[in-house]
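Peer 1: Once you've looked at the hints, dock chain U against the given chain V.
Protein chains in written order, with this note's numbering: chain V, 722 to 1004; chain U, 722 to 1004.
Just so you know, the hints here were simulated from the structure itself, not pulled from any lab data.
Honestly, I wouldn't trust all of these hints.
As the list makes no split between identical chains, a pair holds if one copy fits it or if it spans any two.
In silico EDC-like links for lysine to aspartate or glutamate, alpha-carbon gap of 20 Å or less [stated by the list, open to error]:
id, residue 1, residue 2
1, Lys993, Glu877
2, Lys1001, Glu931
3, Lys848, Asp939
4, Lys974, Asp964
5, Lys975, Asp964
6, Lys806, Asp857
These numbers come from a predicted model, not from an experiment.
There are 2 protein chains.
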Amino acid sequence: MSLPKRILIVGLGLMGGSYADALSSKGYEVYALAHRQSSLDFAVENGLVRGGSIEVEEEFVKSFDLVVFALYPHILIEWLEKYHKYLKPGAILTDVTGVKSSIIPGVMEIIKDDDVEFVFAHPMAGKEVYGVENADKEIFKKANFIVTPMTTNNEESINLIEELGREIGSNHVTRLSPELHDEMIAYVSQLAHIIAVSLMTAKDCDSLYEYTGNSFRDLTRIADINDSMWSELFLDNKDTLLDQIDLFMGEMKKMREALDKGDVETMKSMMKLSSERRRKFRS
Amino acid sequence: MSLPKRILIVGLGLMGGSYADALSSKGYEVYALAHRQSSLDFAVENGLVRGGSIEVEEEFVKSFDLVVFALYPHILIEWLEKYHKYLKPGAILTDVTGVKSSIIPGVMEIIKDDDVEFVFAHPMAGKEVYGVENADKEIFKKANFIVTPMTTNNEESINLIEELGREIGSNHVTRLSPELHDEMIAYVSQLAHIIAVSLMTAKDCDSLYEYTGNSFRDLTRIADINDSMWSELFLDNKDTLLDQIDLFMGEMKKMREALDKGDVETMKSMMKLSSERRRKFRS
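Next up, chain V with everything else stripped away, as it sits in the complex (with noise of 0.2 Å):
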């Protein structure tokens, strides 16, 4: 099986976007649902997509055997509810969402007596900012593309959404289980996110931050955050995520508690510990 030439991107934000701006450059014919008539505008004044629409309608819906949902979780299950059985028989559904253990029972329900196949996909890419005037294939090129296959899926399918990894760019197409990735993103990507945050906001110190070295700046980077999409992730990743943070929270309570006793050797092994296991990471 490879992948078919017209593919269908639903949702028109920065990661669907980035994705069809990906696959255009690859030759492939990409068209889109769009929520707004100027997301649709834009993508196809600037190349990213041939069409689309921001109505759904059913014969054009099932025109495609590869359809890349690209949107908020809750919008998902949604547009699921209302239009799955507009999909084509046979067509292969990903999406890019960043949480699955709360989104895959929801949409399993839904399309569980239809002839479709979803494989879901979490490509770690972003930016700071947002929509389709933003999108940029670039963003998947040293990202990871995390496929998080079901017992149910078939092999060849799996491959499928691997190679579509690959063909927008991502160097590094992998598989977890959606409970593992899940777990992962909570302490990797969702913690930082909260660690981010809490430094921007516990400390009104507009006067520091005159004097602000480079570590604090890369600490907060991810500090400027979409408030809608991140409070949804969290929350869709809620008991993960609290468990990251206890892990995280526990850990810093031990360093405070050597520093006010002056246990110098508990301070030095954590320093060392993080500097071992910090100079692994590939580059």
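Peer 2: Same frame as chain V, but now just chain U:
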């Protein structure tokens, strides 16, 4: 008063070496007192300094009107205890120490009867590598150079050290009281390092790091850390740092509780405040 042509650097690590590099490239005649002959040899061979010694001799030290101490806090105190009488009458001294309130009284006690003036300063520059071999004048380019004057300092001497900051390349030379400096450093630098270290030590997740996105990479860049230096700096700023840790932890707890209760409004309002503040950063 203008900067003397000949300048002595005491301590040839990353900071001392970078200082020497910056000043030599501006045409100053830079000499150094080093702990290891190999460091001095490297600095001479690479044109960072014209010469120097690993022995501290009175005649040599007395030939400088300006001395920059690039030493760990406790070593600065030890050095001054042993050799402060070697300093030239009328000499201006400065340092690179990352904490101020804890070191100033000790230094001032030692030199109180000497005819020298110490203008404390902190070039907020660094790298995740150590030693004179990694010295690089470029680290000062976009860095803040903070002078922390005491009420006893002459305006003329303060100006001289500010001029020194501009000469090594800082485009942001400012003044802060030692107390405000330490609070700022505790928050934007020391706390940032504790967070980065805790993120790396809280979870043994070698397999997860494979999926690390840019957010986590940015937040942990400084987690590869010089444990001797940082544990000393933390302890030298203990009370202030404990306060800043508590401030941050309180805010993390607030976000955790909002998430736990599904209190979207609190989550969003924190994110909005965070975004608003972050956008104000000078780029």
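Peer 1: Would you mind marking each hint as holding or not holding in the structure?
Peer 2: Evaluated hints:
In this assembly of identical chains, the alpha carbons of Lys993 and Glu877 never lie at most 20 Å apart, being 45 Å within a copy and 43 Å across copies at closest. For the homomeric pair Lys1001 and Glu931, the shortest alpha-carbon distance between copies (10 Å) is at most 20 Å, but the shortest distance inside one copy (33 Å) is not. In this assembly of identical chains, Lys848 and Asp939 lie within 20 Å of each other by CA distance both inside one copy and across copies; the values are 14 Å within and 14 Å between. Both within a single protomer and between protomers do Lys974 and Asp964 lie at most 20 Å apart by alpha-carbon distance, with minima of 15 Å and 13 Å respectively.
With identical chains, the CA atoms of Lys975 and Asp964 are at most 20 Å apart both within one copy (17 Å) and between copies (15 Å). Taking the shortest alpha-carbon separations for Lys806 and Asp857, neither the intra-copy value of 32 Å nor the inter-copy value of 64 Å comes in at or below 20 Å.
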